[in-house]
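> In case you want the letters, here they are:
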Amino acid sequence: MIASDHTIRPAPLAPAGQQSELPHTFVVRVLRQDGPGEPSYWQRFRVTRERDMNVISVLQQIAAQAQTEDGQPVAPVAWECNCLEEVCGACTMLVNGRVRQACTALVDKLLAEQPGEIELRPMTKFPVVRDLVVNRQRLFRALMRVKAWIPVDGYYHLGPGPKMSPADQQRAYPLSQCMSCGCCLEACPQYLKIELTRREGESDEEFARREQQAYDRGFVGAHAISQAMLFNTHPTGRMQAAQRIEALMQEGGIQVCGNAQNCVAVCPKNIPLTTSIAHAGRAATLHALKKWFDW
Amino acid sequence: MPRPTELGPFRRPCATRRPAGGLVQRSTSVESEAARPLLARHEFLIRRLHSLTGLIPVGAYMCIHLATNASILAGPATFQDNVDRIHSLGPALPFVEWTCILLPIIFHAVVGVAIIRTGLPNTGAYPYEANVRYTLQRATAWIAFFFIGWHVFHMHGWVTLPHWREQVARTGLGAQFDPEHASSSVHEALASLWVTIFYLIGVGACVFHFANGLWTMGITWGAWTSPAAQRRAGRVCLAIGILVMALGTAALVGVWQVNARTARRLEDARLQWKHLLAEPPALVPATPGESPGENAERGGVSARAMSREASAGDGAATGATAAAGPVDARELGGGEGRYK
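Taken in order, these protein sequences are the chains called R and F. Each residue of the first sequence is one higher than the last, beginning at 1 in our numbering. Each residue of the second sequence is one higher than the last, beginning at 1001 in our numbering.
Worth flagging that the hints you see were computed from the coordinates, not collected in a lab. No experiment lies behind these values; they were computed from the predicted model shown. Among the hints, a few may not be true.
[Claimed, not checked] Covered stretches of chain F (chain R as the covering partner; in silico rule of three or more C-beta atoms under 8 Å from a C-beta of chain R):
no.	segment
1	1108-1122
2	1126-1132
3	1222-1230
[What the hints assert, rightly or not] Mimicking SDA-like on lysine to any residue, the simulated pairs with C-alpha atoms at most 20 Å apart in a straight line are:
no.	chain 1	residue 1	chain 2	residue 2
4	R	K163	R	P235
5	R	K290	F	K1274
6	R	K109	F	A1125
7	R	K147	R	H287
8	R	K147	F	F1044
9	R	K147	R	M179
10	R	K291	F	F1044
11	R	K290	F	I1046
12	R	K291	F	H1042
13	R	K291	F	I1086
14	F	K1274	F	I1086
15	R	K163	R	P151
16	R	K291	F	W1221
All C-beta atoms in this analysis are idealised placements derived from N, C-alpha and C, irrespective of residue type, glycine included.
Please build the complete structure, drawing on both the sequences and the hints.
Written out as C-alpha cells, the structure is:
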C-alpha cells in the first residue's frame, strides 16, 4: 500500500554496516517532455545519495548539475512543489510507477524497494506542461462543476449559520483534508486524459472555452464527488444539496464510477472516497425519485 | 498505461502511441448541446437502467434458469414437468421471452460494451483486490456476451422460424433443445466434454459477473456505503455467487447423468399421454367385445392405449418403448421414478 510509507518521520541513524548497503550514487530515470503536445523521452541522471533525501531534493540536485548520466548538458528537469509536507499536492507525480507526492517519497525507502534506480514520470491523466509539471485545470474545473463551496455572500449580514452536530463534524473532517492532488484521478480506470490541441487561428478565449467544454463532459472524479458530499454535510452548504447532486447526475457524473476503488487505496490523506461515492449514489437515487414523482 | 481522450463518455478514446512512451492526441470539435449524443445526454438514466437490468430481470432470470436446470438432478420427469410448466404459456411464451429476457439482455449487453469502452483497466500499476474485480467484471462481461450469444443459438437457434430452425440452425449445431424431449435433447447437446467445459466457463463468468455486479450495484444505488458495510455485503454476494454456481454445476452434472434412452422413452410416453388427453376419442380405437362405456373410461383405458400408440409409432425411441412392452403406470405418473 502506498499510504503506509507516507508518514514523515526522521530517518533512523543507521549503523555503519547498514549504511554501506545503500549505494553512494543512484540513477534517476525521468520521462521528459519539452512542452505541451511535444513527444516525450527518457533521460538518466546520476545522483549522489545524501542523508534523508526525498525526491524533491533529488530533483534539486539534478537541476544543479543539469547534465545526464553520460555528461551531456541538458536543460534542468522542471517540476512543481510548494509545501514540502504533503498538504498542497503540487508535487504529485509517478514515483516508480505509483502516484504520490514527491516530497514524502523518501529515497532510502525507494532504493530499498527497488535498488539502484528511481523512475519519475509526470501524471498520465493530465496534459503535460513541461517534464514533470502537468496542467490540473480539469481537477479544479470539476470542483466548480459540483459547486464545492458554501455561498455566504450577500447584500446584508446573514447572521450565524445553523449548528453542526458532532456526528456531522466527525464525518466532514476527513473529507476536508482533500488537497486536490489528483492521486485518486491518476489511479482511476474510468478517469481518462483529456488533452486538446489548439486549432489554427484559434484565439486563447476560443481554445479555453473549447477546453472547458471538453472538461465538463469528462468524468468529475472521486475528489469532486467527495467535496460535493463534504459541502452537503455542512448545515449551510446543505441548502444547495440538490444543486450539487443534480450536477453529479449530468454527463460525466457519479454514474461513470466503475467501483474499482483505486481512489481510496492511493489517497495520501486516507479520505474515505468510496464512502463519499456511495453516499452520492444514494443521494442521486433519492434525488432522481424525487424528481420523477415530484415528491 | 492510460491513453488520452478528449471525448466524453461512451466514446472510444482516440490515441496513437509513440515509441518513447509519449502520447499524441487528435483534436476533435466540441459539439453543441443539441448535437450531443443521446447516450451522453441521458447518461445517468441509462447507466442506472443498465445497473437495474443486471439484477432485474437478467440476473434474477439467470438464477431461475439455473435452478430449473438443476432440477434435472431429480430425474427427467421432474425436469420435463418444469419445462412443460414454462411452455404452458404457449403462444405467449415468445412475447414473454422477448420482453422479459432477450430485450433486457440485449440492452444490458449493448450498454455494457459502451461502458467497457469508457474505461482503461490498470491492474498492472494498481493491483488492488477491488481493482482486479473491476477488470474481471469487464473480462467476464465479454465471456458472458459471447457465451450467451452462442448458448441461445446452440439451444434455440436464435429465432424460432421453422425453416431457419431446420434448414440452417440445426445444420450448424444449433437449436439442439427440444422442449418436448427436454432431458434427452439437452443430454445430446452437451454430450461433448468440450461443450460442457465451455458451458462451465460460460456459466462461471456469468455467475461472477452477477455476484460482483450485485456488490457494485449496492454501492451505485447507495445501499452499502461504509467500508465495513461494503465488506459485509461482499461476503453476502460471495455466498450468493457460490450458491448460484452450485446450481449451475448441479445442472451440468444432472445433464451428464441422464440416460438418454430411458429419458427419451419417458418423454415420448408423456407426449403420447398428452395427445391422448387432448383428443381421447380419436386416439382410442374401439375393441370388439368391450362396451362403449368401458372405452369412455379414460383412466382404465389410457395406459393400454398408450402402449398401443407407442408401439404403432415410428422412430427408434418409440421402438424401444415397444420392445420394453407396456409403459408402467409409475413412469406415466412422472415425478416419482428416477431414470438414470
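> If a hint holds in the structure, say so; if it doesn't, say that too.
Structure-based check of each hint:
Chain R is given as covering the segment 1108-1122 of chain F, and this holds because 6 residues of the stretch bring a CB closer than 8 Å to a CB of that chain, at least three being needed. Residue count for the segment 1126-1132 of chain F with a Cβ under 8 Å from a Cβ of chain R: 4. That meets the three needed, and the coverage hint holds. Look at the segment 1222-1230 of chain F against chain R: 7 of its residues bring a Cβ nearer than 8 Å to a Cβ of that chain, three or more, so the hint holds. About 7 Å separates the Cα atoms of K163 of chain R and P235 of chain R, which keeps this hinted pair within 20 Å; it holds.
Only pairs whose Cα atoms come within 20 Å are accepted, and K290 of chain R paired with K1274 of chain F is rejected, the gap being roughly 53 Å. As the CA atoms of K109 of chain R and A1125 of chain F are separated by approximately 19 Å, the hinted pair is consistent with the 20 Å bound. Restraint check: the Cα-Cα separation between K147 of chain R and H287 of chain R comes to about 17 Å, which is no more than 20 Å; the hinted pair holds. For a cut-off of 20 Å, the pair hint linking K147 of chain R to F1044 of chain F stands: about 19 Å separates their Cα positions.
Taking the CA atoms of K147 of chain R and M179 of chain R, the gap is about 16 Å. The hint holds against a cut of 20 Å. Of the supplied pair hints, the one linking K291 of chain R and F1044 of chain F holds, its CA atoms being roughly 13 Å apart against a limit of 20 Å. With a CA separation close to 18 Å, the supplied pair K290 of chain R and I1046 of chain F stays within the 20 Å bound. For the given pair, K291 of chain R sits about 15 Å from H1042 of chain F by alpha-carbon distance, which is consistent with the 20 Å threshold.
With a CA separation close to 39 Å, the supplied pair K291 of chain R and I1086 of chain F exceeds the 20 Å bound. Using a Cα cut-off of 20 Å, the hinted pair K1274 of chain F and I1086 of chain F holds, with the two alpha carbons roughly 16 Å apart. With a CA separation close to 17 Å, the supplied pair K163 of chain R and P151 of chain R stays within the 20 Å bound. Restraint check for K291 of chain R and W1221 of chain F: the C-alpha separation of about 16 Å stays at or below 20 Å, so the hint holds.
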